[in-house]
Amino acid sequence: MFTRQPIAPLEYTRRWSLRAWVALTMFFLYAPLVALMVFSFNDSRRNIVWQGFTTKYYLKVLHNDTLMTALLNSLTIALFATIISLVLGAMAAVMLWRFRFPWKSAIEGTMALPIVVPEICFGVAMLIFFAQIGWPMDLPWPFSLGAITIAHVTFCFPFVTMVVRSRLASFNREQEEAAKDLGASEWQAFRDVLLPHMKPGLVAGALLAFTLSLDDFVITFFTSGPNTITFPVKVYSMVRFSVTPEVNAVSTLLILMTVILTTIALYLQNRMTENSGKGHS
Amino acid sequence: MDKMSLLRESIMGRRSLLQGLGAAAIGISITGGLAACSKGEEKKSASGEEPKLNFYNWDTYIGETTLDDFKQAAGIEVNMSLFATNDELFAKLRAGNPGFDVIVPSNDFVERMVKADMLMPLDHAKIPNFKNAAPAFTDVPYDPKRAYSMPYTWLVLGIGYRKSKMKGPIDSWKVLFDSDEYKGRIALLSEAGDLFRLSAKYKGHSVNGLNKDIIAEIEAMLKKQKANVKAFHEDNGQDLLLSGEVDVVLEYNGDIAQIMKEDPDIDFVVPKEGSQFNSDNLAIPKGAPHPENAHAFINYLLDAEAGKKISETILYPTPNAAAKALMPDDYKNNPVIFPPAAILAKCEYASYNAELQPLYEEAFTRIRAD
Amino acid sequence: MQDWGTQKRVFAAIATAPILWLFTFFVIPLAVLWAYSFGRNVGLTEIDISGTFANYARAIEPLYIAIFGKSVAVAALTTFICLIVGFPVAIAITFAAPKWKPWLLLGIMLPFWTNLLIRTYALMTVLRGEGYANQSLGWLWNLSSNARVVLGLQPLGAWEPLHLLYNNFAVVLGLVYVHLPFMVLPLYAALDRLDRSLIEASLDLGAGHLRTLLTIVAPLAAPGIISGVVITFIPALGAYLTPDLLGGTDSQMIANVIERQFKRANDWPFGSALSFILMYATFIMIAWQASRERKLKREEA
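As you go down the protein sequences, you meet chains V, H and D in turn. Heads up: the first sequence runs through residues 1 to 281, numbered per our numbering. Heads up: the second sequence runs through residues 1 to 370, numbered per our numbering. Heads up: the third sequence runs through residues 1 to 301, numbered per our numbering.
Wrong hints could be hidden among the right ones.
[To be verified] Estimated spans, in silico, between C-beta atoms of each pair:
no., chain 1, residue 1, chain 2, residue 2, range
1, D, Asp3, H, Asp370, 54 to 62 angstroms
2, D, Pro219, V, Thr263, 36 to 44 angstroms
3, H, Lys165, D, Val150, 33 to 41 angstroms
No wet-lab data here; the hints were simulated from the structure. These figures come from a predicted structure and were not determined experimentally. Backbone N, C-alpha and C fix where the C-beta goes; we use that ideal spot for every residue, glycine too.
With the rest of the complex left out, here is chain V (with noise of 0.2 angstroms):
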């Protein structure tokens, strides 16, 4: 698409200017995670004042089942809530930018509601209507985590739409429309035209998706069920005897886990590229 120069204008990445920016605002949004992840080795039930080291809230974490639990409850919730809500989103997004009918601007307005509704008001209408319609709360996991998920996909997808809808509206339309006069179907041009214009839509829909339900705290509450703690519910049920180092403990572990996984993915797909020759870009 672009041609690459060893000193492109557009390598704006290369200025000192934006990489001193990003390196602040990465400082800005890191200093107070280090500041965590120090804490969970502090020998103190509180997160204020640093009494020693120790690792032993590492070794309480791995025999917490509660915590253990409702950790892999909220990425259970989270990973279904975000394939769901990115499909929804997507079809939405292309609805919305696609086509005119009737109450377009009424469903337009709707659909951005779930983002504003405050979430206690929400919660409690979900509390509502599962009560009503008589939903089942002794379900085996996973399925007892579904009221929660159905929760979560309704105010995640207008995120994903807002998101991909932007996107769609740098699409050339001509691009479309000859795919289809070389004989593509409604089908093919969509995967194959359209689809990889959505691409950075979906990802960053995805991600704020993900975000969102792996920190709900209110909505989660109100539909849970006996069976269900996630990891917000269990965390927020601290506040009122101080929260402690434990949680700091998981929170450094998922971080580390999470980056030691993208280095794994990222490496495995370096490599599959590279063996393949040439990725597509």
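Fit chains H and D to the known structure of chain V by using the hints.
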């Protein structure tokens, strides 16, 4: 490089992470919710109910081994879920009980839930360990004759402070509500009801004797005091005090007692005007699927030895006289955990008042917006 | 833009699922609360839907309007700062070498996979009177004070820790901290793999980088900026945890008030009314914007 497949890679990575975690979770907790789902090989417990129980509790509000001990003793599997505030507990059960057997509401919420017909009356014949409760807790104003609830822990609100920063003896609510002596070094609990009731106490009223005029008077006082207050805290006042952000804080005795272990410069007092009690209670919500097991569990928690183990973990005052007798002296004779009887005589339980509560809230909203 | 009638099957294939989902799991559950907003409490758990407008009348009292106004101001400032901070970051990700792109994206996202409450607590340890921020600043202060002594100047006064917590500054800082990816991601999504020839042309024609940024890149990024602003501003408006934990005595926002209605005050009808006022405002704004855009396009065509 192709970002979508990257993402796919990382999702795949996450999935195998999940599987690993899943295996770990199953490995660690054969007793966990996963295993509990296999209904096939379950035996009926003595009560004739399936040997399961859903316990809805505050976090870390139980002895470290209590649930396992109970399983050993009674063969009933306890599955504990967590809530963070009474309001959430109430809101959640309001739409119908989703399957909880035992809950732990505070005193005013016991009253509220009884009024709203959300609790099941207790069968005292099935709770013989009720005899272990201290006399002060066998008949309480919020639940006469303990028809619906059993005592679990109790607390009293007071002033936590940093001794080295105090300019004089701390013995009155004045330092918190009506004085600029510790300007910018004060943190108050952001519970409208508690703030107004304790201010009323400071002004010489009962915590249950408020009316519109008193509320207006207190609102004016707190609006003035706001300039001296650093923050309204979310029941994390002990953290603010320990970290040196503030020097005087409105908190519960149990919370301050916990940080006094880490910092000897901290102390706690129940002011001379008297204060407000709080008590957490065990209750069975209507619609509980395993009421028999619930009774057995409540009875077990009131046991002397079990109660001792619970108190060892949570370090709050226990209403269980038999359990208290088993505790070491630095707990039993700790004047912060068990303040002197003379001062406790001036403390009251706040009863739930449906008319006044919205007024407190609105006045508090005005105070904060002012 | 096509009329749905021309390709009914395609339209049905992509429109059915999202609309059905939205209707079943959002509109229907919320309809109950919408009805509550016209009701009043009778007893502790009973709500009588009497069709009263009393809740709305109460919600537009000056007290609540003022809180609403303040929340809008805080959220707007947060959004603005996020845009200023996030735009260069999004540019950096967009123009980064493919090898670095996933790392930069991950770098931005990783902090947000740590629980919000934990992150907020961590921020508090940094901002505290005796926290790292103040310690570092105090260290710098003493260093420069010593340097002045060396240079034969008067030393600086004793270091006074800054009040970085429990005020509105802390709330805005916390909100920026929490909402930054909501801005960076849409910007990145809009900018990535843009038609770079435009930018190159602009640079070739002698326009400076800043001018190119403002006149070429910013308009290209406009849809991303709009969606970034929307999904940063609206959640920031609904934030309750950050003002609760980082705010001072006067830092309450509208979401705190709404939360208290559903919890402590046990006044669901009033809480619903406040929530729906927020939703009416958004709905009208978005729908108006959407129909205006369409009208503009139609006129162009």
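Tested hints:
1. Restraint check, aspartate 3 of chain D to aspartate 370 of chain H: a C-beta distance of roughly 55 angstroms satisfies the suggested window 54 to 62 angstroms.
2. Against the hinted window of 36 to 44 angstroms, the Cβ-Cβ separation of proline 219 of chain D and threonine 263 of chain V comes to about 37 angstroms, which satisfies the hint.
3. Take lysine 165 of chain H and valine 150 of chain D: their Cβ atoms lie about 35 angstroms apart, and the range 33 to 41 angstroms holds.
Taken one by one, the earlier hints all hold for this structure without exception.
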